[in-house]
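Chains Z and X are the protein sequences, given in the same order. With our numbering applied, the first sequence corresponds to residues 23 to 303, in that order. With our numbering applied, the second sequence corresponds to residues 176 to 527, in that order.
These aren't lab readings, by the way, just hints derived from the structure by calculation. Since this is a predicted model, take the numbers as computed values, not measurements. Possibly wrong hints are sitting among the right ones.
For lysine to any residue, the following SDA-like pairs were computed, each having C-alpha atoms within a straight-line distance of at most 20 Å [stated by the list, open to error]:
{"#": "1", "chain 1": "X", "residue 1": "K290", "chain 2": "X", "residue 2": "R316"}
{"#": "2", "chain 1": "X", "residue 1": "K305", "chain 2": "Z", "residue 2": "R299"}
{"#": "3", "chain 1": "X", "residue 1": "K344", "chain 2": "X", "residue 2": "D370"}
{"#": "4", "chain 1": "X", "residue 1": "K305", "chain 2": "Z", "residue 2": "R298"}
{"#": "5", "chain 1": "Z", "residue 1": "K115", "chain 2": "X", "residue 2": "T231"}
{"#": "6", "chain 1": "X", "residue 1": "K502", "chain 2": "X", "residue 2": "G465"}
{"#": "7", "chain 1": "Z", "residue 1": "K115", "chain 2": "X", "residue 2": "G191"}
{"#": "8", "chain 1": "X", "residue 1": "K305", "chain 2": "Z", "residue 2": "P220"}
{"#": "9", "chain 1": "X", "residue 1": "K305", "chain 2": "Z", "residue 2": "R296"}
{"#": "10", "chain 1": "X", "residue 1": "K502", "chain 2": "X", "residue 2": "R513"}
{"#": "11", "chain 1": "X", "residue 1": "K344", "chain 2": "X", "residue 2": "G478"}
{"#": "12", "chain 1": "Z", "residue 1": "K115", "chain 2": "Z", "residue 2": "L192"}
{"#": "13", "chain 1": "Z", "residue 1": "K115", "chain 2": "X", "residue 2": "P192"}
{"#": "14", "chain 1": "X", "residue 1": "K344", "chain 2": "X", "residue 2": "R316"}
{"#": "15", "chain 1": "Z", "residue 1": "K115", "chain 2": "X", "residue 2": "F190"}
{"#": "16", "chain 1": "Z", "residue 1": "K115", "chain 2": "X", "residue 2": "A189"}
{"#": "17", "chain 1": "Z", "residue 1": "K115", "chain 2": "X", "residue 2": "V193"}
{"#": "18", "chain 1": "X", "residue 1": "K502", "chain 2": "X", "residue 2": "V474"}
{"#": "19", "chain 1": "X", "residue 1": "K305", "chain 2": "X", "residue 2": "D293"}
{"#": "20", "chain 1": "Z", "residue 1": "K42", "chain 2": "Z", "residue 2": "L30"}
{"#": "21", "chain 1": "X", "residue 1": "K354", "chain 2": "X", "residue 2": "Q396"}
{"#": "22", "chain 1": "X", "residue 1": "K305", "chain 2": "X", "residue 2": "R316"}
{"#": "23", "chain 1": "Z", "residue 1": "K115", "chain 2": "X", "residue 2": "F229"}
{"#": "24", "chain 1": "X", "residue 1": "K344", "chain 2": "X", "residue 2": "Q371"}
{"#": "25", "chain 1": "X", "residue 1": "K305", "chain 2": "Z", "residue 2": "T301"}
DEER-style ranges, computed between Cβ atoms [to be verified]:
{"#": "26", "chain 1": "X", "residue 1": "T480", "chain 2": "Z", "residue 2": "G209", "range": "51 to 57 Å"}
{"#": "27", "chain 1": "Z", "residue 1": "L119", "chain 2": "X", "residue 2": "A184", "range": "38 to 44 Å"}
{"#": "28", "chain 1": "X", "residue 1": "G313", "chain 2": "Z", "residue 2": "W128", "range": "42 to 48 Å"}
{"#": "29", "chain 1": "X", "residue 1": "S260", "chain 2": "Z", "residue 2": "I125", "range": "26 to 32 Å"}
Don't be surprised by glycine CBs; every beta carbon is placed ideally from N, CA and C.
Letter by letter, the chains look like this.
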Amino acid sequence: MTGSGTRLSAVGQAILATPKTLLVLGFVGSLAGVVLSSFLGKDGFPTLELYSQLLGSQVIQNVIVRTVWIAATVTVLCTLVAYPVALFIARSKHRNLLLVLVISPWLTSIVVRTFAWVVLLGNRGAVNAFLMSTGLIDSPIRIIFTPTAVVLGLVHVFAPFMVISILSVLLQQDRRLPEAGMSLGAGPIQTFARVTLPLSLPGVLSGGSIIYLLCSGAIVTPLLLGGLRDRMLGTQIFQELFELYDYRRAAGMAVILLVTSLAVVIPMQIIDGRIRRWTRG
Amino acid sequence: MMAGELEIANVSKAFGPVQALRGASLNVGSGEFVSFLGPSGCGKTTLLRIIAGFETPDAGTVQLDRQSLLALAPYRRPIGMVFQSLALFPHLTVAGNVGFGLSVRRENAAEIGRKLSDILALVGLEDYEKRRIHQLSGGQRQRVALARALITSPSVLLLDEPLSALDLKLRRQLQGELKRLQHRTGTTFVFVTHDQEEAMAMSDRVAVFRDGLIEQVGPPQEIYRRPATRFVAEFVGETNIFAAVRESGAVYLPDIRARFPGGRSLPDAQQLLLSVRPENINLLSSNDQGGVEARVQEVDFGGMTVRFSAQTMIGERVLRVAVASEKANDIAPGMPVRLGIDLDTAAALPTS
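Extracted from the complex, chain Z is given alone in its bound form (with noise of 0.2 Å):
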């Protein structure tokens, strides 16, 4: 954004600060209260105590991994379910109506759509109504309150987001592109492999950096069709706050969070970068 923008008068500039201010002491302020608070004892000196405490707890390390895990899936999930469908927007002639058929679900509450999968996938639900009405099974499933309910219901929930990020790198991408590759002697599935998937991978990466983030601090899904031992980062930290009131314990695994996050989204936004900065023009 550096350099290109205009540059403001000083009333701008004046006005600007307001939200500036109120910006950096609302969401930074609140932050480093978060961060800080993490690293001192009750006696109000400086310790590492709560880290040890939870890092060394097996059931924090059980939830570190199962947060890890389920977002790392759920992100996986959302791409190989997504890619198709924005290839096949991309070259639809009703574009937009499609495209309004993928965010549509937005306009319900994420509460309201968990809840859809509940009656889904309840031992009553449609799903395992089906599978018994085939003979595929004796007896119902049990498939709501486990980790794959919760993927279920994440995916569900954030592949839209998958979606429009590789939608708009292939909407950007010169339509000559594809031709070029066929010109060349290379049939559908070469072109695809050597040209249009490469180039849309900056799509694939920040689309999967949002949904791995969104995925990290997930509480309504995991909370709704989890189990009671399926608890993720984000559930445990809601658990901290509203019903054991330990704002400190809570802080501390928020902590854990945002370290966990950045460590995986990082890197996919340098190779996001790296990539661009290959591809552009």
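For chain Z, the structure is supplied; the task is to place chain X on it using the hints.
For chain X alone, coordinates are given in the frame of chain Z:
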């Protein structure tokens, strides 16, 4: 014998309500350089894309070396293409781009390397193999696109206005290179352009398109000197169009109420439509008889020649004139001149 003979017969194509081609026919000989020339929207790019296989014609046939192309997918046609946007692969290096066609065909690495250095030498891009596309200049990108399309030795190379984005000087230089490249490879070139000078300078033959039809096909000299229709006469170069009436030993131009001798080479009809090129109008001295009185308007000094417009006193027709500059030293706006027309070089056009 060389391959690369194209036969295009009665090709039509509509995009919704827009009729892009209405039965275009053309034969292109093996190793020939043919340009498709015409204003935008005349169907020339559509015909090129039909030959490449990116569009399917509604009617008509396209044959390459007596085999129909229409049933073949674009990637099975032995045809290369250079796109207007060049469509270089931004994620690949120069070597990756140029070698693309060979690696798709799974040729072995040693063979690819040999052909790669041959073709890069041919287009003057040795030592650029590892560069990325965004590190190249416009002219270098052009050469990469050419090398990429030629490395698989296609029978026909299609070029869709590839030089239109370049500045004039570079364009002239690349026109020469393109022509030499075509001679050395012996590939049939089909070149789409809306720039008539480019078409004239490079082609063995030019096909002039208008509204989805090919109006005239011929060598550049023929297109210029003997345009088949008024459209061709006006689109290619500058011209002055006159209605004319034949008289014995002379031709009368009613517009400017003037009579000029000659015109024996013109057809035998009474009523004629003539195309007179600016260089076929000359300045007469005050001693000369006949001609037409006119007043000079703008003057455009072009080194070897001076081009000017002059409005006739009678009929107020604005004529375009080009004369050798040493004969027009003192020409200036507002000056009265007497103009002669060399009717033996005029081209007769169909009157309807």
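Checklist entry - Going straight from one Cα to the other, do K305 of chain X and P220 of chain Z come out at no more than 20 Å? => result Holds, at roughly 18 Å.
Checklist entry - Do the alpha carbons of K305 of chain X and R316 of chain X lie within 20 Å of each other, as the hint requires? => result holds, 14 Å
Next on the checklist: Check the hint pairing K305 of chain X with R296 of chain Z against an upper bound of 20 Å on the C-alpha distance.
Outcome noted: Holds - the C-alpha atoms of R296 of chain Z and K305 of chain X are around 17 Å apart, at most 20 Å.
Next on the checklist: Checking one constraint from the list: CA of K115 of chain Z to CA of F190 of chain X, max 20 Å. Satisfied?
Outcome noted: holds, 14 Å
Checklist entry - Is K305 of chain X close enough to R298 of chain Z, meaning Cα to Cα at most 20 Å? => result holds, 18 Å
Next on the checklist: Given the hinted pair K344 of chain X and R316 of chain X, is their Cα-Cα distance within 20 Å?
Outcome noted: holds, 16 Å
Checklist entry - Taken at face value, is the distance from the CA of V474 of chain X to the CA of K502 of chain X at most 20 Å? => result Given pair K502 of chain X, V474 of chain X holds - Cα atoms ~14 Å apart, limit 20 Å.
Item to check | Straight-line alpha-carbon gap K305 of chain X to T301 of chain Z, limit 20 Å | outcome: Holds, at about 14 Å.
Checklist entry - Do the alpha carbons of K115 of chain Z and P192 of chain X lie within 20 Å of each other, as the hint requires? => result Given pair K115 of chain Z, P192 of chain X holds - Cα atoms ~17 Å apart, limit 20 Å.
Checklist entry - Straight-line Cα separation of K502 of chain X and G465 of chain X no greater than 20 Å? => result OK: K502 of chain X and G465 of chain X at ~19 Å, within 20 Å.
Checklist entry - When you check the alpha-carbon spacing of K502 of chain X and R513 of chain X, does it fall within 20 Å? => result At roughly 13 Å apart (the allowed maximum being 20 Å), R513 of chain X and K502 of chain X satisfy the hint.
Next on the checklist: So if I understand the rule, the pair passes when the alpha-carbon distance is 20 Å or less; does K305 of chain X with D293 of chain X pass?
Outcome noted: holds, 16 Å
Checked against the numbered hints above, the structure breaks none of them.
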